[in-house]
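**Student:** Chain by chain, the residues:
Protein chains: 2
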Amino acid sequence: MVRTQGVTAPAGFRATGIAAGIKASGATDLALVFNEGPDYAAAGVFTRNKVQAAPVLWSQQVLTTGRLRAVILNSGGANACTGPGGFQDTHATAEAVAAALSDWGTETGAIEVAVCSTGLIGDRLPMNKVLAGVSEIVHELAGGLTGGEEAARAIMTTDTVPKQVALHHPDKWTVGGMAKGAGMLAPSLATMLCVITTDAVAAPEALDRALRHAAARTFDRLDVDGASSTNDTVLLLSSGASEITPTQDELDAALLAVCDDLCAQMQADAEGVTKRVAVTVTGAATEDEAVVAARVIARDSLVKTALFGSDPNWGRVLAAVGMAPVALNADRITVAFNGFPVCVDSVGTPGAREVDLSGEDIVVTVDLAVGAATATIRTTDLSHGYVEENSAYSS
Amino acid sequence: MVRTQGVTAPAGFRATGIAAGIKASGATDLALVFNEGPDYAAAGVFTRNKVQAAPVLWSQQVLTTGRLRAVILNSGGANACTGPGGFQDTHATAEAVAAALSDWGTETGAIEVAVCSTGLIGDRLPMNKVLAGVSEIVHELAGGLTGGEEAARAIMTTDTVPKQVALHHPDKWTVGGMAKGAGMLAPSLATMLCVITTDAVAAPEALDRALRHAAARTFDRLDVDGASSTNDTVLLLSSGASEITPTQDELDAALLAVCDDLCAQMQADAEGVTKRVAVTVTGAATEDEAVVAARVIARDSLVKTALFGSDPNWGRVLAAVGMAPVALNADRITVAFNGFPVCVDSVGTPGAREVDLSGEDIVVTVDLAVGAATATIRTTDLSHGYVEENSAYSS
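One line per chain: the protein sequences are A and B, in this order.
Residue numbering for the first sequence follows full-length UniProt numbering, starting at 1 and increasing by one per position.
Residue numbering for the second sequence follows full-length UniProt numbering, starting at 1 and increasing by one per position.
Keep in mind the hints are simulated off the structure, nothing from the lab.
One thing to keep in mind: the hints can contain errors.
The list cannot tell twin chains apart, which means a pair is met if one copy fits it or any two copies do.
In silico lysine to any residue, SDA-like type, Cα no more than 25 Å apart, as pairs [to be verified]:
1. Lys-50 <-> Val-292
2. Lys-275 <-> His-384
3. Lys-275 <-> Gly-385
4. Lys-50 <-> Asp-331
5. Lys-50 <-> Thr-286
6. Lys-50 <-> Pro-325
7. Lys-129 <-> Gly-351
8. Lys-23 <-> Thr-349
9. Lys-275 <-> Glu-388
10. Lys-50 <-> Asp-288
11. Lys-50 <-> Ala-327
Please build the complete structure, drawing on both the sequences and the hints.
**Tutor:** Written out as structure tokens, the structure is:
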């Protein structure tokens with residue numbers, strides 16, 4: 001896998017990003033990913049939040065067809081909690097993209113255009129800028145641009161680096177992807193947007209299965225601050241341009257690898273992160289319970305602040321996991337930091353308070369002693385940087 | 001109600017606190033509350049954490065009798081995750097208290113002595129100091145001391161002020177209480193310990209009902225950082241010394257008022273607090289759902305950091321409540337900050353971004369538009385002080 005290519009690594013895709021003036025800073029803020037075909041199969045997963053932004057409502061509707069020609073994405077505004085007017089803005093944006101692509105000679109309907117937005121919740125988008133930007137970006141794309149990286153940059157908000165990856169399968173088909181944000185079904189503000197492309201030949205049902213399989217094991221297990229955005233969206237488009245039809249298992253494996261890598265990139269660039277933390281629960285009754293227990297630990301503010309302070313305070317891990325609604329043997333819990341057992345049979349070990357956690361990567365392993373299931377949640381520490389960044393975002 | 005008296009306000013109780021040398025700082029760290037009778041009825045509520053400290057295991061057992069003569073409490077160590085040895089330490093402490101009280105002429109069994117501990121999880125207590133301290137504190141108490149405030153001070157850990165309150169009922173009976181910590185069934189590190197005394201005549205069942213009723217509406221609705229300690233304990237003792245038997249409703253009301261006031265004191269002194277926040281959910285389908293929704297908002301790191309920054313970022317409130325597992329009308333949510341509606345029908349109002357949240361008290365009101373039930377959770381902001389204090393606790 002390489003991180004220098006993204007959505008334009010697979011054959012049959014063009015993309016770019018421009019500054020449409022949505023962001024006051026003048027940074028790029030509008031991205032377009034275009035599928036040249038010959039296939040237009042697509043799948044998507046969306047936030048589970050009951051409060052859903054207009055572009056999520058729109059794109060979920062569009063995806064019921066299992067088909068996409070293009071994805072338009074903007075940063076600088078989430079278009080969430082904007083009422084019927086906000087939904088009309090999303091619809092008008094899709095219509096404008098379809099019209100511009102049709103003008104360029106690719107007959108496209110608005111129903112073939114997904115829309116993603118990210119930024120502050122609650123404000124209407126400056127539609128004059130968005131619509132002028134749509135004309136400009138389609139024009140640039142028609143010029144032959146294949147700018148996956150420009151697209152990846154244009155969707156950044158609090159991200160400090162663009163996130164993209166490409167996996168070239170030995171059988172001559174490719175999966176590429178870009179993402180922004182700090183977690184799927186986990187970050188509240190840091191909406192996760194992700195577009196993945198492939199030139200493999202695959203039916204919408206195969207894409208859907210591969211995407212759900214991968215998302216459940218990657219984005220769903222990245223938990224930076226425990227909440228979930230109104231805008232989280234992951235889309236998968238296939239052009240079929242490679243003329244290769246991988247098996248479902250091959251497709252599943254490739255999607256899992258690409259999503260996992262984008263996850264690692266988002267974790268490393270999460271807001272205020274000074275430590276990358278992996279919480280692995282073993283000995284759980286079921287994999288679901290392992291996920292729940294690992295998530296409870298990963299979300300615990302006192303565990304996260306201790307890790308920020310490089311403090312091997314394993315008692316906080318026990319206090320956290322003890323509140324998880326899962327089966328555990330309270331007298332037989334084992335905790336290890338970076339492989340060193342700090343607590344065995346729920347009692348501290350000699351030297352536990354001296355474990356060195358000063359590095360940037362911390363592995364927390366917790367055995368519940370009731371079964372054989374395991375799962376890992378990726379998270380970060382809770383730092384001054386996180387508080388600073390999030391106490392002054394909208395103002 | 002007055003805050004200058006505590007557990008010794010009701011007739012029939014003595015208490016004090018001493019420095020037994022458990023804390024390295026030399027601050028007071030051992031407290032004793034003694035019931036002189038004639039009644040010895042008692043009730044208790046404990047942490048719901050599956051990982052329970054030795055003193056919790058002990059005191060739960062003791063409380064099955066519905067009877068207590070004394071409560072011994074130490075700060076400087078939680079005696080949690082200390083294995084069978086830790087339980088023996090708790091047992092030995094109760095035995096020592098019983099023996100010392102018996103020597104003084106009050107025949108007492110260990111089964112009549114509750115034990116509470118607070119401090120770092122995972123270390124054994126220095127039992128030579130604890131046992132010497134027990135002798136000393138019983139001796140001091142025998143001298144006639146009624147030092148409710150000394151007891152309240154001796155159980156402090158990260159608390160900056162002792163917390164106590166007394167309610168004198170017009171019918172000549174009294175309820176007094178002391179507490180330490182930052183929340184019941186909510187703080188992970190900041191264990192909540194609370195002892196409430198009354199000279200009312202009341203059977204253990206009446207005390208139990210009044211205590212559970214009050215705790216569910218007060219300590220259970222204080223949520224500073226979303227976790228729950230291994231040591232949380234609230235005990236209620238009655239001496240019957242007033243010879244007055246209040247009705248259950250009178251007792252319930254008095255307990256609720258005392259617990260509510262101790263709650264407010266803990267909220268105001270929570271770790272790193274710069275804002276006292278009340279999250280009220282209205283329009284919920286049931287009171288339980290109102291509690292769940294308010295708790296989800298109160299625990300959201302992005303809501304809490306925004307409030308630290310005095311930022312009226314109502315979109316984060318909507319994003320948070322949208323993840324609550326409760327019924328809500330996603331198009332009809334109303335949010336108000338300090339009474340000013342910032343979001344109506346899930347859309348921002350003019351002036352919403354300019355609401356002044358610079359004061360120390362913030363009231364967040366969220367209407368779910370599906371029913372008539374309401375509930376309030378007390379919480380705090382998420383500040384640099386919180387991160388600072390909790391990233392360097394055990395080291």
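**Student:** Confirm or reject each hint.
**Tutor:** The hints, checked one at a time:
no., hint, in the structure
1, Lys-50 <-> Val-292, "both (21 Å within a copy, 15 Å between copies)"
2, Lys-275 <-> His-384, "both (12 Å within a copy, 17 Å between copies)"
3, Lys-275 <-> Gly-385, "both (12 Å within a copy, 19 Å between copies)"
4, Lys-50 <-> Asp-331, "between (39 Å within a copy, 10 Å between copies)"
5, Lys-50 <-> Thr-286, "between (27 Å within a copy, 18 Å between copies)"
6, Lys-50 <-> Pro-325, "both (23 Å within a copy, 9 Å between copies)"
7, Lys-129 <-> Gly-351, "between (60 Å within a copy, 24 Å between copies)"
8, Lys-23 <-> Thr-349, "between (53 Å within a copy, 22 Å between copies)"
9, Lys-275 <-> Glu-388, "both (16 Å within a copy, 16 Å between copies)"
10, Lys-50 <-> Asp-288, "both (22 Å within a copy, 19 Å between copies)"
11, Lys-50 <-> Ala-327, "between (29 Å within a copy, 9 Å between copies)"
Comparing the model with each numbered hint stated earlier shows that all of them hold.
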